[in-house]
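K.L.:
Residue strings, one per chain:
Number of protein chains: 2
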Amino acid sequence: MTIAPTQKALSQLEADAPHSLVVRFGAEQPLKMDAGVDLKPFQIAYQTYGTLNAAKSNAILLCHALTGDQHVANVHPITGKPGWWEVMVGPGKPIDTDRYFVIASNVVGGCMGTTGPASTNPATGRAWSIDLPLVTIRDMVRAQAMLIDHLGIETLFAVIGGSMGGMQVLQWAASYPERVFTAMPIATAAKHSSQNIAFHEVGRQSVMADPEWRGGRYLDAGVSPTKGLAVARMAAHITYLSEEALQRKFGRKLQGRDAPTFSFDADFQIENYLRYQGNSFVDRFDANSYLYVTRACDYFDLAEDYGGSLAAAFKGSKTRFCVVSFDSDWLYPTSASRAIVHALNAAAASVSFVEIDTDRGHDAFLLNVPEFIATTRGFLEAAARARGIPMPSGKGG
Amino acid sequence: MTIAPTQKALSQLEADAPHSLVVRFGAEQPLKMDAGVDLKPFQIAYQTYGTLNAAKSNAILLCHALTGDQHVANVHPITGKPGWWEVMVGPGKPIDTDRYFVIASNVVGGCMGTTGPASTNPATGRAWSIDLPLVTIRDMVRAQAMLIDHLGIETLFAVIGGSMGGMQVLQWAASYPERVFTAMPIATAAKHSSQNIAFHEVGRQSVMADPEWRGGRYLDAGVSPTKGLAVARMAAHITYLSEEALQRKFGRKLQGRDAPTFSFDADFQIENYLRYQGNSFVDRFDANSYLYVTRACDYFDLAEDYGGSLAAAFKGSKTRFCVVSFDSDWLYPTSASRAIVHALNAAAASVSFVEIDTDRGHDAFLLNVPEFIATTRGFLEAAARARGIPMPSGKGG
Chain A
2 MTIAPTQKAL
12 SQLEADAPHS
22 LVVRFGAEQP
32 LKMDAGVDLK
42 PFQIAYQTYG
52 TLNAAKSNAI
62 LLCHALTGDQ
72 HVANVHPITG
82 KPGWWEVMVG
92 PGKPIDTDRY
102 FVIASNVVGG
112 CMGTTGPAST
122 NPATGRAWSI
132 DLPLVTIRDM
142 VRAQAMLIDH
152 LGIETLFAVI
162 GGSMGGMQVL
172 QWAASYPERV
182 FTAMPIATAA
192 KHSSQNIAFH
202 EVGRQSVMAD
212 PEWRGGRYLD
222 AGVSPTKGLA
232 VARMAAHITY
242 LSEEALQRKF
252 GRKLQGRDAP
262 TFSFDADFQI
272 ENYLRYQGNS
282 FVDRFDANSY
292 LYVTRACDYF
302 DLAEDYGGSL
312 AAAFKGSKTR
322 FCVVSFDSDW
332 LYPTSASRAI
342 VHALNAAAAS
352 VSFVEIDTDR
362 GHDAFLLNVP
372 EFIATTRGFL
382 EAAARARGIP
392 MPSGKGG
Chain B
2 MTIAPTQKAL
12 SQLEADAPHS
22 LVVRFGAEQP
32 LKMDAGVDLK
42 PFQIAYQTYG
52 TLNAAKSNAI
62 LLCHALTGDQ
72 HVANVHPITG
82 KPGWWEVMVG
92 PGKPIDTDRY
102 FVIASNVVGG
112 CMGTTGPAST
122 NPATGRAWSI
132 DLPLVTIRDM
142 VRAQAMLIDH
152 LGIETLFAVI
162 GGSMGGMQVL
172 QWAASYPERV
182 FTAMPIATAA
192 KHSSQNIAFH
202 EVGRQSVMAD
212 PEWRGGRYLD
222 AGVSPTKGLA
232 VARMAAHITY
242 LSEEALQRKF
252 GRKLQGRDAP
262 TFSFDADFQI
272 ENYLRYQGNS
282 FVDRFDANSY
292 LYVTRACDYF
302 DLAEDYGGSL
312 AAAFKGSKTR
322 FCVVSFDSDW
332 LYPTSASRAI
342 VHALNAAAAS
352 VSFVEIDTDR
362 GHDAFLLNVP
372 EFIATTRGFL
382 EAAARARGIP
392 MPSGKGG
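If you read the sequences in order, they're chains A and B. Numbering follows my numbering, in which position 231 of the first sequence is assigned residue number 232; successive positions increment by one, without gaps. Numbering follows my numbering, in which position 98 of the second sequence is assigned residue number 99; successive positions increment by one, without gaps.
Among the clues, some could well be false.
For identical chains, the list gives no copy identity; a pair is met inside one copy or between any two copies.
[Said to hold, decoys possible] List of simulated lysine-lysine pairs, DSBU-like, C-alpha gap at most 30 Å:
no.: 1; residue 1: K41; residue 2: K316
no.: 2; residue 1: K33; residue 2: K250
no.: 3; residue 1: K41; residue 2: K94
no.: 4; residue 1: K82; residue 2: K254
no.: 5; residue 1: K250; residue 2: K9
no.: 6; residue 1: K316; residue 2: K254
no.: 7; residue 1: K41; residue 2: K319
no.: 8; residue 1: K33; residue 2: K316
no.: 9; residue 1: K254; residue 2: K33
no.: 10; residue 1: K82; residue 2: K250
no.: 11; residue 1: K33; residue 2: K94
no.: 12; residue 1: K9; residue 2: K41
no.: 13; residue 1: K316; residue 2: K9
no.: 14; residue 1: K57; residue 2: K254
no.: 15; residue 1: K57; residue 2: K319
no.: 16; residue 1: K319; residue 2: K94
no.: 17; residue 1: K9; residue 2: K57
Don't read these hints as lab results, they were simulated from the structure.
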C-alpha cells in the first residue's frame, strides 16, 4: 500500500510551479547527465534583472552556492527576505543592472523550480525523490548552457559565483571557453578536499539518520526529515564562519541570562544562533536536494576530466579570469584558489588574483566586505570597456 | 505506564559494575557539585599501573579526554582494543610504570563505571539519565581528589592529560596547587571558544534529534539513539584531524572501486572511515554521557572563577608546568596554549612550552609522535630528579 497524501508538500509545489520565470525542455531536448541518463522533460527556473542589449554582449550569469537559488536581487518568495546578493547586484551596484543583463538560475538538483528531487517525476506522478539521477557540477552547467541558448545569447560577458557557484564558473570556463568573456570564481576550489567531503558526508548522514527521511520518500507521506536537516545545516554553518568571527560575534556570551542554566538548554548565544540557522533552513530547503547538491560538490574534480591536469582544462582559453579568496575562509582556503591561479598561469590564461583580508570566513562572499565589492566593480568595469559595453546613460563614460 | 525491560542495557551494566577497580563513596561523603547538588552515593572507577613507593612521591594521575576512560594501558573491556595511551604509558615508556604509580579514573558523567547518566539512580532504581545534575570540569577534579585521598596520596608527582584531560590538569593546578608537583596540560585550552561550543552543540542536537533518545530516557526502554550519536561522533571526528592529515590519508580516494557509484553510498574512503568511526563509537559510549562531557567542556572557563584573570588562577603556584600544543591542531590551537603560558608567566610560575611540529592535528596527543614522546620523557625525568624519585632498578641513575 502506498501513502497518497491529498496535497503536495510545500517544497514539491515550489519545485513544480515556482515563483520564477521557467523554461521547460521537452523530450526532444533532454539534459544529458554525467550519470549516463537523459533527463526529460526537465525545467529551469530563473530570474533576470536589467535588459539585454542589442548586441547581446552584456549578459552576466550568476551561479548560486549550495543552498542559494535564483532569487539574487528580489525578495525571496518563501522567506520574504532580500535576495542573497543584493549587496552586489542592482542599479549602480558592481553588478550593475542598469548596465548588464543579469541571469540567475536554480541549479539542477535544487528545490526552487529547476528539476530536482522534489519535482514531480512525470513517469510516476510522485516526487522524483532519490530516483532522480545524481547531479554533477557539469550537469548544472550543461543545463545553464541550454538556458543561455534559449535566451539567444552566444557569449556571456561574465560568469560569476562563489563557493559551489565558483565551481560552476570554473566548469563553464572549461566546457565553453568561447562563450565566457570573463570568469570570476570566488571562494571556491577546483576540487573538493577530503575535509570538504567529510563535512558534507556528516550532513547527509544526519538527514538520512532521521527516520522521517523514510528512505528518501518522505514527500509521498507528507512529512520531512526536518530534525536531521537542521543538524546538517548547523554543522555546515560552522564551516561558513571563521573562528575569529565566531569569537568576535558570540564568544562565550550567554543567551539573555547572567549564569548558565546547568541544563541542555541553549545557554550560549552561539547555541541559540546555530539552532535558529538550522530551524529556519528547513522551512526553505528540501532535504533530498541537500543530498544532491552536497554530492555534486563532492564529485567535483575539474582536473580529472583533463587527464589530471587542471591547466589542461583551461588550455588556449581567451577568458579573462579574476580569482578571489578570503584569508579567513577555512572551507575553501586561499591555497585552493592559488591552485586555480597556478593552473591558469600554466595555461597562459589572463588572470587576476585577489586575496581579501577579512575575518568573516567563507560567507564573506555574501557580505558587505568593501574591498571585495570594490574588486568586483573594478574588474567588471575594465572587462566591460574591453568588451565595449557602454556605461549606463547619464553616467558619462 | 512505564516500560520495564527485564535486562539492563550494556552501558548501564558497565556504568554500575565496571571492569575496573571501584571506590564507592557513601552518603557521608557526597560529591559537592557546581550545580549546587550533593551527589550521593557515587562511585569512581579507576585503573592503576605500577607501584606506589614508600614515600608516596611517585604517583601520576592521568586525566582522559572527552570519550576516553580509565583503560589507559590495558586491553579495553568493551572494544578489546589496546589502551588509549599505550604509546606513552608502560614499562620503559615515558610514563614509566616501572618508576611511577599511574592512576587513571573515569570522569564523573562518564559511562565506564564512575557515576554518570547511565548509572542507576538509587532513588529510582532506574538510570539517572538526564536527571543527573550537570557535571563541570571542576566536579570531575573534585571527585579525582577524593580518589587520591582514598589512595592515601598527599601530593601527586604529576597530573597529565590532553584535550578535556588538559582542562582537568589546569583545574587541578588551580584548585589544589600544593598537591600537584608537575602539571602537563596537552592540546587544550583554559576556556572553550565559540567554535568549540558550536561543534559540541551540533553533536548534542544530533543526539537529541534522534527519536530513540526519548527525552533522555532511552535506557528505560532498552533502546539507544545510536544514529544521532554516530552522526555526532562523525562531526566531532573531523575536528580531531587536520585538513592536511585527511588529505594525505584519504584525499579523494575512492572506496574499493575505480569510479563513483552515482549514489549516496560511501564512494570516498573518507566517507567510509567516518561512518566506521561513528558506528563503532556507539558500541562503547553512552549517548547521555556524550551530552554531559561535551557540556562540561563548554562550561569550562577557568579564569571566570578568578575574577576573569587566568594568571590569578595560578598565583603563587610552585607547580612545574609543561604546556604542549600541536601546530596542526585547529580544535585547541597553539594560540590557546600560548594564552595559558602567558598567564603562567604573569603568575611567575615555572613553565616550559613546546609546540610540536606535526600534521596530525588534535589527535596527535594520542599518537606515536616522536618529538612529543621525547618531550614528555625529558620533562618527567627532570621533574623526577627534582622530586627525588629513583630510577627503576637496573637502569642506573
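K.L.:
Would you mind marking each hint as holding or not holding in the structure?
P.N.:
Evaluated hints:
no., hint, in the structure
1, K41 / K316, "neither (33 Å within a copy, 73 Å between copies)"
2, K33 / K250, "neither (46 Å within a copy, 35 Å between copies)"
3, K41 / K94, "neither (38 Å within a copy, 66 Å between copies)"
4, K82 / K254, "within (27 Å within a copy, 41 Å between copies)"
5, K250 / K9, "neither (40 Å within a copy, 45 Å between copies)"
6, K316 / K254, "between (52 Å within a copy, 26 Å between copies)"
7, K41 / K319, "neither (34 Å within a copy, 76 Å between copies)"
8, K33 / K316, "within (25 Å within a copy, 70 Å between copies)"
9, K254 / K33, "between (51 Å within a copy, 26 Å between copies)"
10, K82 / K250, "within (22 Å within a copy, 42 Å between copies)"
11, K33 / K94, "neither (36 Å within a copy, 61 Å between copies)"
12, K9 / K41, "within (22 Å within a copy, 55 Å between copies)"
13, K316 / K9, "neither (48 Å within a copy, 66 Å between copies)"
14, K57 / K254, "neither (53 Å within a copy, 44 Å between copies)"
15, K57 / K319, "within (19 Å within a copy, 78 Å between copies)"
16, K319 / K94, "within (26 Å within a copy, 62 Å between copies)"
17, K9 / K57, "neither (40 Å within a copy, 74 Å between copies)"
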